[in-house]
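Protein chains: 2
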Amino acid sequence: MPEYDRIQCPAFKSKIMSADAAAALIPEGCNVGMSGFTGSGAPKEVPMALARRIEAQLAQGHHFKIGMWTGASTGPEIDGALAKVNGINMRLPYQSDPTSRERINQGDINYIDMHLSHVAQYVWFGFFGKLNVALIEVAGILPDGRLIPSTSVGNNKTWLDQADLVILEVNERQPLGLAGMHDVYYGTQLPPHRVPIPLVHPHDRIGEPYLRCDPAKVIAVVPTHKADRNSPFKPADADSEQIAGHLIDFFKSEVRHGRLPKSLLPLQSGVGNIANAVLAGLNNGPFENLTAFTEVMQDGMLAMLRSGKMVGASATGFSLSPEGEQDFVDNIDFYRDKIVLRPQEMSNHPELIRRLGVIAMNAMIEADIYGNVNSTHVMGSSIMNGIGGSGDFARNAYLSIFMAKSSARGGDISCIVPAVSHVDHTEHDVQILVTERGLADLRGLAPKQRARLIIDNCSAPEYRPMLQEYFERALHHSRGKHTPMLLDEALSWHARFERTGSMKVREAVAA
Amino acid sequence: MPEYDRIQCPAFKSKIMSADAAAALIPEGCNVGMSGFTGSGAPKEVPMALARRIEAQLAQGHHFKIGMWTGASTGPEIDGALAKVNGINMRLPYQSDPTSRERINQGDINYIDMHLSHVAQYVWFGFFGKLNVALIEVAGILPDGRLIPSTSVGNNKTWLDQADLVILEVNERQPLGLAGMHDVYYGTQLPPHRVPIPLVHPHDRIGEPYLRCDPAKVIAVVPTHKADRNSPFKPADADSEQIAGHLIDFFKSEVRHGRLPKSLLPLQSGVGNIANAVLAGLNNGPFENLTAFTEVMQDGMLAMLRSGKMVGASATGFSLSPEGEQDFVDNIDFYRDKIVLRPQEMSNHPELIRRLGVIAMNAMIEADIYGNVNSTHVMGSSIMNGIGGSGDFARNAYLSIFMAKSSARGGDISCIVPAVSHVDHTEHDVQILVTERGLADLRGLAPKQRARLIIDNCSAPEYRPMLQEYFERALHHSRGKHTPMLLDEALSWHARFERTGSMKVREAVAA
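Protein chains in written order, with the numbering used here: chain A, 204 to 714; chain B, 204 to 714.
Hint data in this document are derived by calculation from the structure and do not stem from the laboratory. Misleading hints may appear alongside valid ones.
For chains that are exact copies, the list does not tell them apart, and a pair is met inside one copy or across any two.
Below, simulated DSBU-like cross-link-like pairs (lysine-lysine); rule was C-alpha separation at most 30 Å, straight line [unchecked claim]:
1. Lys-333 x Lys-684
2. Lys-707 x Lys-268
3. Lys-333 x Lys-216
4. Lys-684 x Lys-651
5. Lys-216 x Lys-465
6. Lys-684 x Lys-541
7. Lys-651 x Lys-287
8. Lys-333 x Lys-608
9. Lys-707 x Lys-684
Just chain A, same shape as in the assembly (with noise of 0.2 Å):
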């Protein structure tokens, strides 16, 4: 038996087997609360066991299912492996994955798709039932049994402490250098016994860089050797960079009129390329000691440290593409005391997104002419991916914005709308729409202000007549002139793509 240097712990060394002997021991139909956040940190070898055993039960007629909780998407290993075998009978918070996506679209797995900070505490509250398993990658075993935790923290500190059973894969793959670079914290009570988190700062620390387990419930440590996914880093297109230039110019803007401070506030940002360009343009421009309260760091973020233009970041987990990883591992000494990795309960909270006044910068599916926000659904009916954070930030934050292309598949989408398929973010917590063709600040505006000033900033020109026809209809003719809108048409532009595959008018040529 080869010599695991990472895992320091006699009572865990006995538990060392294979991801099959591990897999084996999860109980059919239990709930397994997994580590992994966009990717980081998931466990990378048990899933696929687990995965190879349903198969093979699967191939004798026997149906077996989990119910699957993580910190937010998976790896294809894990989410993807899992749906393929149709292993997942329920599956929360939040989910990337193409297999799993079309399980979730067909109907065959029920998603609970929900806000990343309220998951820790509905388990704890005891609303989701009971936890059975816990299934968490750390970095390393300390002697006295304490985790060092990988490249995302998650709910990982929740599963550890509520599962009745623990297996830990162990990735040597992941940088000891991690060591230091979390903050987990301990002082979460249940109501009525809560107090303040003692938060004031985005890169406090205010806990344990390591998570607490009993080894008593650990019943597999499996040592690994695979990388996180990681997605190639693409450039920005040129629509990306004028949603990012809009962006900027109205941070300029508002330092100028005194309502940001020239460090900015802390900034969210979503992950993709409107977010990379984004964080290129913020690289690049005016303003100094930015820092991060968000849930993942990309490339973009670690640019702006190693620029010294930003100068702290807290998140929950990594999403990197394999050059900004190396960078990382490389750089892990410089990185580590900028870079504070909390438990998502913390890097999600109502409490301190509010209180350090954070700048939200998320991307949407569609807007409507309200300010109304689709972030989940397309067509009204299939999931995309999920509201993951975007709700906790949107909510609380000092500015929400929310950015995408004015139209998408090639012109045939308009993510400018009368009226939403699916509401994610209410009128209430949209402040800023951006798309390539300009940015609406809807603050201080009431609907029929804010429908005009959306149509003509932000709405793709060969929409816009179509949205100020509409509109102007809708005053007419709407019993209420608050929020005009005609009941009959409203949701037309989905079912005319539904039917026609486009949102443009084409039925009048054909009729």
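Position chain B against the provided structure of chain A, taking the given hints into account.
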């Protein structure tokens, strides 16, 4: 000139004048921040004098309008009088006056309907522009110039701080025994200087009993003698009592399952018939040592304090019947140390609501089969009142409960619909729905599971088969099976009501 005992500071005494003289000092086109939260503590004379001034100008063909900012709703002599003369250009953050509502729905008033916890900070952030005048009712002025707040605190601290000019109404009808009941927290800051709010129990006192006011800004002091708007208490009807019964059974079950302590958790309750029935049910129920962390104190909560069922309560104002008001005045020494009145930025603060683990109980206009809730719009376009604090509480609550009768208008409106015509609380924020038909506990359920439960437990019998039929067809025809939806039909019930006066399918007969 009479002696005004309530105005003890010489600097303020010299500013005593009539309501008409004070109203004449309000600049045209300015923004006025008024006191008032559901009628309690609203100014009573100057707004009517201002309305007279506006009317006189209107008679000469001159349009005079103000921006009107308040705590929440006010009374007929404020919202009603000013809306009647079309004297309001922009209104925020909440109203419930029939004349004001009509003006908004005619398109005459720009109304910004927003979370009540957001108001003060957005004004501090400069998002709404300059506040010119504060018009505040107080119970008295101390020798050193501090103000004894009236029956609500609302946004008064912010208006007094932010306005250039201050007009005070000193209402001698308000009991002086109010002194000491308020808790005005002056520890708020702008980001990045915010710190934790040191409140851990609903009735903690963390601030000062009086409002600060710069005497140099005071341009008028108007003695008044008029009662708060108050509405007669209606005994609960059978439907409301059934809703209350379902809810109390649910609480009992939660206590049995260990998910709630026997003293429950701090209660938040909206106002109205259903709320009254729930509070009466709790007063006769098995729970002891209850507390409240809510917006307004109603008759039912006074009754619970009197009976000893409730040991302490926090709010930002009162909403009492005439009998309730009399009881409060007669027994103010009993109530003073059991009730804390706070600024609404504290009574509705996400940090505090989440920390305390509030049980949020709010009324709704309608819910859809997936648990999205409409609190504000009738048939999508007409405002009813506004979202008020329901979002602050629902999002951050331990339990988020919404209640309504299953149908309205003699059965012509179903309060459970295929899709709500406006979304104020998304599926992510709604845990429990209750109608007189029953309760749907949506915790831990995915969309299709939610739909079946809501239809089965909450819908009116005459609409249940229609909802079942819609859901089954949506399940069959919808592209996505995650949240099945028929885009052509989702809002057809509302459209039918607008066409025929009923959501019931009479058209088949007529055709």
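Within, between, both or neither: how does the pair Lys-216, Lys-465 come out at a Cα-Cα threshold of 30 Å? Neither way: Lys-216 and Lys-465 sit 52 Å apart in one copy and 44 Å across, limit 30 Å.
With identical chains, the pair Lys-333 and Lys-216 could be close in the same copy or across copies; at 30 Å between alpha carbons, which is it: within, between, both, or neither? Intra 28 Å, inter 66 Å, cutoff 30 Å: intra-copy only.
Up to 30 Å CA-CA - Lys-684 versus Lys-707, copy category: both (27 Å within a copy, 25 Å between copies)
Have a look at Lys-333 and Lys-608 and pick one of within, between, both or neither, based on CA distance no larger than 30 Å. Answer is neither; intra-copy 42 Å and inter-copy 34 Å both fail.
Which holds for Lys-333 with Lys-684 at a C-alpha limit of 30 Å: within a copy, between copies, both or neither? Between copies, since 27 Å is at most 30 Å while 49 Å is not.
Indicate which option fits the pair Lys-707, Lys-268 if close means a Cα-Cα distance not exceeding 30 Å: within, between, both or neither. neither (43 Å within a copy, 42 Å between copies)
Pop the pair Lys-651 and Lys-287 into one bin, within, between, both or neither, using alpha-carbon distances up to 30 Å. For Lys-651 and Lys-287, the Cα distance is within 30 Å only across copies (22 Å; inside one copy 47 Å).
I want to check one pair: Lys-684 and Lys-651. Are their C-alpha atoms no more than 30 Å apart within a copy, between two copies, both, or neither? within (8 Å within a copy, 34 Å between copies)
Checking Lys-684 and Lys-541: alpha-carbon separation at most 30 Å within a copy, between copies, both or neither? Intra 51 Å, inter 44 Å, cutoff 30 Å: neither.
In summary, the numbered hints that this structure violates are 2, 5, 6, 8.
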